[in-house]
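Engineer: Chains as they are written, first to last, in the numbering used here: chain A, 1 to 283; chain B, 1001 to 1283.
These are calculated hints, taken from the structure and not from any lab test. The model shown is predicted, which means the values in this text are computed figures rather than measured ones. From the three backbone atoms N, C-alpha and C, an ideal C-beta is built for every residue, glycine too. A few of these clues could be false.
Stated by the list, open to error - Sample of chain A residues lacking proximity to chain B, with all beta carbon distances greater than 10 Å (derived):
(1) Gly14
(2) Gln39
(3) Phe246
(4) Trp256
(5) Asn263
As the list claims (entries may be wrong) - Quick partial rundown of chain B residues pointing at chain A, CB under 10 Å, derived from the structure:
(6) Asp1019
(7) Ala1024
(8) Pro1025
(9) Gln1028
(10) Ile1029
(11) Leu1031
(12) Ile1054
(13) Leu1148
(14) Met1169
(15) Ala1174
Number of protein chains: 2
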Amino acid sequence: MLGKLAAVAAAAYGAPSRDHVVAAPGTQILLPLVAALVQPGRAAVLGPTYAEHIRVAALVGHDAQEVTDVAALKHADLAIVVNPNNPDGRTVGANVLLAIADELRSRGGLLVVDEAFMDVGPAGGSLGGDVARGNIVVLRSFGKFFGLAGLRLGFALAAPEIVSRIDAMLGPWAVAGPAIAIGEIVLADATWVRAMRAQLDQEARRLDELLTNAGLEIVGGTSLFRLVRTRAASELFHHLGRAGIFVRRFSEQRTWLRFGLPNGEDAWARLRESLADAAVCRD
Amino acid sequence: MLGKLAAVAAAAYGAPSRDHVVAAPGTQILLPLVAALVQPGRAAVLGPTYAEHIRVAALVGHDAQEVTDVAALKHADLAIVVNPNNPDGRTVGANVLLAIADELRSRGGLLVVDEAFMDVGPAGGSLGGDVARGNIVVLRSFGKFFGLAGLRLGFALAAPEIVSRIDAMLGPWAVAGPAIAIGEIVLADATWVRAMRAQLDQEARRLDELLTNAGLEIVGGTSLFRLVRTRAASELFHHLGRAGIFVRRFSEQRTWLRFGLPNGEDAWARLRESLADAAVCRD
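Next up, chain A with everything else stripped away, as it sits in the complex:
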């Protein structure tokens, strides 16, 4: 039942074949399975990034640490990179990642690349086509780009031996029928994907303009979210929250706020008005 979905996903994500793809009910549930592919050892997560990677690596027994230098990943047993990164949008070049994978391979190490936002990442940035090398697992998220996060559909791209191991843990019927049906249709629709990417780019530029006009400094992001830096982050978080606008804040980076794309003209208007009010408050 998942064979066709795997084939469509392999084509969409550039994996060598359907045998290099395993579907799951979201990528989150894959994190402990992937982290457990290597014996407990040293896990390095390129940060700051999505906090679940370090939590889960520790949960399955690794000595999990955040590193800020890409080169430090080489010394790990399990190296994890979110690429493009959440929340700052930083990208690491495919050639850099492949070199790290080569070094890790010589010591039995594994490179995990979480490409949850690669749908809006740089062309040629994905390692999906390189997973046959054997010690690379690429995670792809269906829902974020397609506006269907609640559907729970994600994929691991990896060598067939790894795919089989993950598959054995997920067991039969891992993915819901509606997710299979929708995934097969949407992933096969390259025209839709291109149109979606163009639309998101346009909306991200619109958001940048709105945020910049409100006096906020944009320091990163992808076209699915923008990261701003402001000394008034905490006040702005609460101000927006009172208007029903939820932005992400970061306990480790107290001047950061991450803005998602507003959904619909009402939401755009609400954000514009709320930011204007905030500007008045600061004057």
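Chain B: place on chain A using the hints.
Structural biologist: The following block gives chain B in isolation, referenced to the frame of chain A:
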């Protein structure tokens, strides 16, 4: 987001509180997490039964064996019972299971009761109300009873410490939005549940009549499926398959066939006609 669903499921399945419930995208994906709650040791699965339990127990490192005597479960580190059982419908009394759980507890052992078919099981048969004892995990499947297996929604009922451990492995967003929404509505609807159970009972009796009239011996089942024994199991499997009717056969019990309830009058007619043809063939 899953708090309300957990509360509704606790009430529906008789668990002490929402803290004794964790929701998952189907129970299958819970099997390795539950089997890994005890250190690798001896796993005993009351059989013959659903083959995934023994496969998964072995996968996570247990010496997994099938036992046919309930009393043999007492000597395991991990004891697994499907109750009512699939495919034969055998049930083990709650008092018997609780006594086994008590013996296991004294040695740090865990009892897992897969109640995937308890929605159509005997009144008072569930251990959902007993999970606070600490070494009992009850698995409940939403989809089978409600005809929504493809939705992927299942639950583990257990002591809060175990619920937290499973929750940590599943991570946030384990369950799809549609499954949460449908689960909250349907599980809260006791009238619907009673009506569904009565309808399934009626349909099971109708299926019994059809199978008996075709000269098949019914040896077990629940009102979601019936198990028949026939020396012509293999021929009948292929004969029905050619008519587009899929029944389950069993490599270890070659005279068994499991019939699901036909879905709709067309399916009932097709089964009746195909069984009649088979009877003609045998004359």
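Engineer: Kindly indicate which numbered hints from before are broken by the structure, ordering the numbers from low to high.
Structural biologist: As far as the earlier hints go, 6, 12 are violated by this structure, in ascending order.
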